[in-house]
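Novice: Take a look at the letters that make up each chain.
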Amino acid sequence: MRKRSIAFIILGVIFLLFPLVIHSGYYQHLVIIALMWVVIGSSWNLLAGYTGLVSFGHAIFFGTGAYTAGVFVTKLGISAWWGMMFGGIVSMVIGLAVGWICLRLRGPYFALATLAGGEIFRLIAINWEGLTEGMVGILIIQTFRSKIPYYYIALALAFLCVYVIYSLMKTKWGYYFLSIREDQDAAESLGINTTLYRNVSLLISAFFTGMAGAFYMNYMAFIDPEVVYSLHYISIMAILVGIVGGVATIFGPAVGAFVMVGVQEIFRSAFFGVAPKWISQAHALVFGLLVIFVIVFLANGIVGDWSKIKRTVFRIRESA
Amino acid sequence: MVVFLQTIVAGVLIGGIYSLIGIGMSLIMGVMGIINLAHGQLMMVAMYITFVLSHYMSIDPYLSLLVTMPALFLLGCFLQKFLLNPLMKKESVLPENQVLMTVGIAMVLAEIARFIFSSDYKTVKTSYSSSAFFLGNISFNVPMCIAFVFSIAFTLVLFWFLLRTDMGRSIRATAQDKDAATLMGVNSSRITIITFGLGSSLTAAAGSLLIPIFYLFPDIGGPFTLKAFVITILGGLGSTVGAIFGGLVLGIAESLGATYIGMGYKEMVGFVIFLLVLVFLPGGLKRLTKV
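So the sequences go chain by chain: A and B.
Residue 958 is where the first sequence starts when you use this note's numbering, and the numbers rise one by one after that.
Residue 2 is where the second sequence starts when you use this note's numbering, and the numbers rise one by one after that.
There could be a bad hint or two in this list.
Quick list of in silico lysine to any residue cross-link-like pairs, SDA-like style, CA-CA up to 25 Å [said to hold, decoys possible]: (1) B:K179 to A:P1065; (2) B:K82 to A:F1254; (3) A:K1265 to B:K123; (4) B:K90 to A:R1138; (5) B:K91 to A:I1259; (6) B:K267 to A:E1183; (7) A:K1127 to A:E1139; (8) B:K91 to A:F1250; (9) B:K90 to A:V1260; (10) B:K267 to A:D1181; (11) A:K1265 to B:N98; (12) A:K1127 to A:I963; (13) B:K91 to A:F1254; (14) B:K91 to A:K1127; (15) B:K90 to A:E1139; (16) B:K123 to B:I113; (17) B:K123 to B:Y57; (18) B:K82 to A:N1257.
Bear in mind the hints are in silico, worked out from the structure with no lab data behind them.
With the sequences and hints as input, model every part of the structure.
Specialist: Here you go:
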């Protein structure tokens, strides 16, 4: 336990000092994006990993958060940072509606209903040009020129999200969530209001994902429906981050976020320009292959299967 | 009135083809209990095969059914045998791994197509592509009508297969109760492989039939996958008869939506129906017949 807390302190110091030591905007950008994915992945994990409701439509909340921040600028003329506060709340309101419809469904049906929900929101955002500017997207002006403020905001958000979920899973609510995942009928018969707690889990998840969306709007300064409501690059990526890192583990999605963003960037930039150009054209293909690879070989993720990975690596070393 | 009738005719014609796609997915859903989210992408593969055959060897798209259906049958069997079936034995926290696997397969197929053919739009031109005939004031697009007739023929053959042959009976038995079927001596893992192949070849047929009408590009699969699962839910999961009506309902609804609400909302109509069905009629159209 002592060794663990020392490790955490070292990790914390590294994260706090990172932008002061590494001045390259490119690497800072990668870490900021990874931190944003920590938030999305962790909130997806709360809903899917702990409560057993696998969502295929986290883009609903991400996109809603981003558009809340964007519309604040274009329609209300106030700073997009207000969106950080209200993006999460608006996402929760949307989450209530989504929950009302989707939470009467179980297992694969829930997954499909959220998938359809994500597509509906994407189509609304494309067609409701009066509010969202449609396919033109929303362009705002970044507040800071340096990446350092964004870095610390993302870091704070990621820490807050992971910490809230960590403490939540130690309370009674956390155990309610787990019992719903293991057996909803048994939980119901023990007197747990499963409808209420599934909604609670969905709302917390929606809140943090919405905040991440609003942060994305502030940081990237440009959104359009195909980006923030994307099925592949938001909803599926959220699932991947969760699965790669480890479903139903606290730090799994955090590890998964860094691995996924790293792998994606390595292939997108063709091994930082070393490999031939065609690799960067194939980065989406690699993404798909990675999905298949992870499901077949790492069903419980890096954190979940850590002992298995350690054993395999160790054995290889032994024989070498 | 003419506009309305024309809209209905267009809806029924495209609905017939949607049914063909939906039946394939329903079969897979019924036997394996998972939604195959690579369904539209399998159709896309068939469309590219048709494109290659017609572009380089000038083979008629309808003749290429003889190639695409067996080819996709084999591809489907391969995917099921080596990627989906092994997952059944794996222990993991989430049961949705197989669905996610089909998403991965879908992405890989689309990206391979993009890699080979680039993102450009392709068309297959035939002499009858834009011809139409008239009944009264209503026009019937010829390739649509041919596709519709083919769809009905394939559906009838499928029903004959499911109802009259040994293999068809085994498929239905596995769909009803997998454990009982296994105890009766049905090799259920072989049945899942054949079912996936069958579903793929049906969607391949739909792909070859649609190609004279649609543009072809690597991302065409996605919308059709979503349509297929809307149909499957609409018809009642695993119900092949339901899928036929689901396809027709979706076709008509989309067509009405495009005429009376706006082209941009055409796709959304399907999803709204989907959500309404989930809320008010869980179990789909199947529910209406057997309460």
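Novice: Confirm or reject each hint.
Specialist: Taking the hints in turn, this is what the structure says about them:
no. : hint               : in the structure
1   : B:K179 to A:P1065  : holds (18 Å)
2   : B:K82 to A:F1254   : holds (16 Å)
3   : A:K1265 to B:K123  : violated (47 Å)
4   : B:K90 to A:R1138   : holds (20 Å)
5   : B:K91 to A:I1259   : holds (16 Å)
6   : B:K267 to A:E1183  : holds (17 Å)
7   : A:K1127 to A:E1139 : holds (17 Å)
8   : B:K91 to A:F1250   : holds (14 Å)
9   : B:K90 to A:V1260   : holds (21 Å)
10  : B:K267 to A:D1181  : holds (20 Å)
11  : A:K1265 to B:N98   : holds (19 Å)
12  : A:K1127 to A:I963  : holds (22 Å)
13  : B:K91 to A:F1254   : holds (10 Å)
14  : B:K91 to A:K1127   : violated (29 Å)
15  : B:K90 to A:E1139   : holds (19 Å)
16  : B:K123 to B:I113   : holds (16 Å)
17  : B:K123 to B:Y57    : holds (13 Å)
18  : B:K82 to A:N1257   : holds (22 Å)
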